[in-house]
Amino acid sequence: MTEFSFWDILRNLLLAARWTVVLSLVSFIGGGIVGAALLFLRIGGRRGMQFLSRGYIQLFQGTPLLMQLFLAFFGLGLFGIDVPAWLAACVALILWTAAFLAEIWRGCVESIAKGQWEASASLGMGYLQQMRYVILPQALKVAVPPTVGFSVQVVKGTALTSIIGFVELSKAGSIVTNATFQPFTVYGLVALIYFALCWPLSKSSQLLERKLNVAHRNH
Amino acid sequence: MSLIAITEVKKRFGDNEVLKGISIDVAPGEVVAIIGKSGSGKSTLLRCINGLETIDEGSIVVAGAQFLPDEVHLKALRLKVGMIFQQFNLFPHLTAGGNVMLSQMVVKKTPKKDAEAVARKMLDRVGLAHKFDALPDELSGGQQQRVAIARALAMQPIALLCDEITSALDPELVAEVLAVVKELAAEGMTLVMVTHEMRFARDVCSRVVFMHQGRVHEIGAPEDVFSNPRTPELRQFLGVQ
Amino acid sequence: MTYQFDFSWLIGSLPVLLKGIRITAQLILIGAVFGVALGIACAWVRALGPKWLKPVVATYVELIRNTPFLIQLFFIFFGLPSLGIRMSELTAANLAMIVNLGAYSCEIIRAGIQATPRGQFEAGASLAMTPFQAFWHVVLVPALQRIWPALSSQIVIVMLGSAVVSQIAAEDLTFAANFIQSRNFRAFETYIVSTLIYLALAILLRQLLAGLGGMLFPRKASR
Chain A
1 MTEFSFWDIL RNLLLAARWT VVLSLVSFIG GGIVGAALLF LRIGGRRGMQ
51 FLSRGYIQLF QGTPLLMQLF LAFFGLGLFG IDVPAWLAAC VALILWTAAF
101 LAEIWRGCVE SIAKGQWEAS ASLGMGYLQQ MRYVILPQAL KVAVPPTVGF
151 SVQVVKGTAL TSIIGFVELS KAGSIVTNAT FQPFTVYGLV ALIYFALCWP
201 LSKSSQLLER KLNVAHRNH
Chain B
1 MSLIAITEVK KRFGDNEVLK GISIDVAPGE VVAIIGKSGS GKSTLLRCIN
51 GLETIDEGSI VVAGAQFLPD EVHLKALRLK VGMIFQQFNL FPHLTAGGNV
101 MLSQMVVKKT PKKDAEAVAR KMLDRVGLAH KFDALPDELS GGQQQRVAIA
151 RALAMQPIAL LCDEITSALD PELVAEVLAV VKELAAEGMT LVMVTHEMRF
201 ARDVCSRVVF MHQGRVHEIG APEDVFSNPR TPELRQFLGV Q
Chain C
1 MTYQFDFSWL IGSLPVLLKG IRITAQLILI GAVFGVALGI ACAWVRALGP
51 KWLKPVVATY VELIRNTPFL IQLFFIFFGL PSLGIRMSEL TAANLAMIVN
101 LGAYSCEIIR AGIQATPRGQ FEAGASLAMT PFQAFWHVVL VPALQRIWPA
151 LSSQIVIVML GSAVVSQIAA EDLTFAANFI QSRNFRAFET YIVSTLIYLA
201 LAILLRQLLA GLGGMLFPRK ASR
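Chains as they are written, first to last, in the UniProt record's numbering: chain A, 1 to 219; chain B, 1 to 241; chain C, 1 to 223.
Please keep in mind that the hints were generated in silico from the structure rather than gathered at the bench.
C-beta: ideal position from N, C-alpha, C; glycine also.
A hint or two may mislead.
Claimed, not checked - Reference listing, derived: stretches of chain A covered by chain B, where coverage requires no fewer than 3 residues with Cβ under 8 Å from a Cβ of chain B:
1) 22–29
2) 124–131
3) 137–145
As the list claims (entries may be wrong) - FRET-style restraints, in silico, Cβ to Cβ:
4) C:216 with A:84: 45 to 53 Å
5) A:204 with C:216: 32 to 40 Å
6) C:216 with A:51: 27 to 35 Å
To be verified - Straight line, CA to CA, 20 Å or less: simulated EDC-like cross-link-like pairs of lysine to aspartate or glutamate:
7) B:113 with B:137
8) A:211 with B:116
9) A:141 with B:137
10) B:182 with B:133
11) B:80 with B:30
12) B:20 with B:56
13) B:108 with A:82
14) A:211 with B:176
15) A:203 with C:107
16) A:114 with B:53
17) C:19 with C:189
18) B:112 with B:124
19) A:141 with A:110
20) B:20 with B:8
21) B:80 with B:25
22) B:131 with B:114
23) A:114 with B:137
24) B:37 with B:233
25) B:20 with B:30
26) A:203 with C:189
27) B:37 with B:197
28) B:10 with B:70
29) B:131 with B:70
30) B:80 with B:187
31) B:37 with B:57
32) B:75 with B:53
33) B:80 with A:8
34) C:54 with C:89
35) A:171 with A:8
36) A:114 with B:71
37) B:10 with B:30
38) B:75 with A:82
39) B:113 with B:124
40) A:141 with B:138
With the rest of the complex left out, here is chain A (with noise of 0.2 Å):
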């Protein structure tokens, strides 16, 4: 057997953290993307639309995101397709990414004070002028903060990847295990590496807030 210095771990571990940063843009780009689309049905779309949209959040809110990610792996192995664990992690998080931003982004919008709405309406605005032109340019102002803190989630969910087979931090922490028997070195240092890449999220969402609240008491 090879025998693994501290470095060859870690050199290892910081390989497969890329792996971690490159599923957590897309989780965090795509659920972005179709956490807008949930806003909007949510909060603007016909009766329907606005129920569908609700029992989505609440179903993906409301489940563990592990057995979202085990339903994807097989749910879409029903289609006959053989698939890659990378395809079902991506597309168990962003879907479950949606979800959370979706609702994030609602309250920022609903933060918003009546007197926008109203005083907009009474210069003639139509719903979607309001929105685009008014209500949106000030909510996504205040949405930043927490959708930065949120981001430390979707980091942390992209571990539970590791168990349906994708080869990223958390697994390679497993195989790394394996191979030398220093579970405490290694998961320790695994532990580091994503502090390493959280944290400063989770600090730039807390200056952003603050930041923010100084601005509005200055009103």
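Here the structure of chain A is known, so what remains is to put chains B and C in place on it, guided by the hints.
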């Protein structure tokens, strides 16, 4: 021929009837003050004229535009009457100029250059030409309210509705806003205002409406209403015995 | 798609599923009680505790909140035995959930405490309460009342997250589902069923917590 014809308007919130059959006609160029205790329905009436609240019975016609709760009729109505709010409701993400330009460009499809020219003119009219590039939170309450007036004027309405527009202001800022309104009245703008400024109502308005429990309790020229209140409710409201 | 759905295995697998549900329920019960207790203790440290302990708690909270639960679980179950600390799968799962919820609830409770006006605490002190009494009666209880909805959501999130304890062979609901699908070769149907059970558990847990909140913090002056 009246400019705003309000006929037998009724409005309910659930079981609570807040407007119990209101009829008021406003002639062009008139300045009408609506006074009354809070809860008398005066703000609701104003909001109905702008279509911010639907009505349950009766009709509101503004210069021939009937109030119907669909987007086309609402837009036609709102192009004719502008509204100023107690809380200013400026768009905080736009400059003063941007606030005045936005609806011209979006609703009336005015080209940007023309909209900007109108915005400068309107801001000048309320004495804030130099604040074109200021953001709302860089302005005092009185200045914000004057921008809101300029914003409504830019749509060239034939009447303005003012909903307690000085109530949220510090006392020292009230005068500058009222001065602007007074000037508009002098220029012949039709105004319907809910107000607590009795002195202003007496000096500037052509008619005063006293509302009580969802009805027009007294209506008349300011000197009549303020000097000879006929009902005990109005006397109590004015604090005279 | 010509796939034929088949749920005929369900009856025979009920005992396995029920056992899984019982373990998952047990995990979240223990995790919630001790996790929130740990969160309260940590929130106390951050508000009034000894100075040297504050950075320790802050580090703990940040570390947990910025790493995946799965890795925390693996570290406890696979990593700690290197230090001679060994425990069963269920104990490890319990411990991981307590440690995880402890960090999140500390943050949530702290936010609630910060929203309590400073004058409240001084009023408590002026009534000759000890700092701990003042913390408990004047600061903590109103704070908990304020953040109860957020805390409830977090408990539900931890319950859903507990699905991964199946990965260290703790025999929870997901473990049961994995076991069943390896016997019936009906993976999709099996996970549909277990997903729906999780959904029902989440809804039930939310109701229970809302009811508990109503009991713990009865609304004053409600007519």
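- So which of the earlier hints does this model not fit? 1, 7, 8, 10, 13, 14, 25, 26, 29, 31, 33, 34, 37, 38
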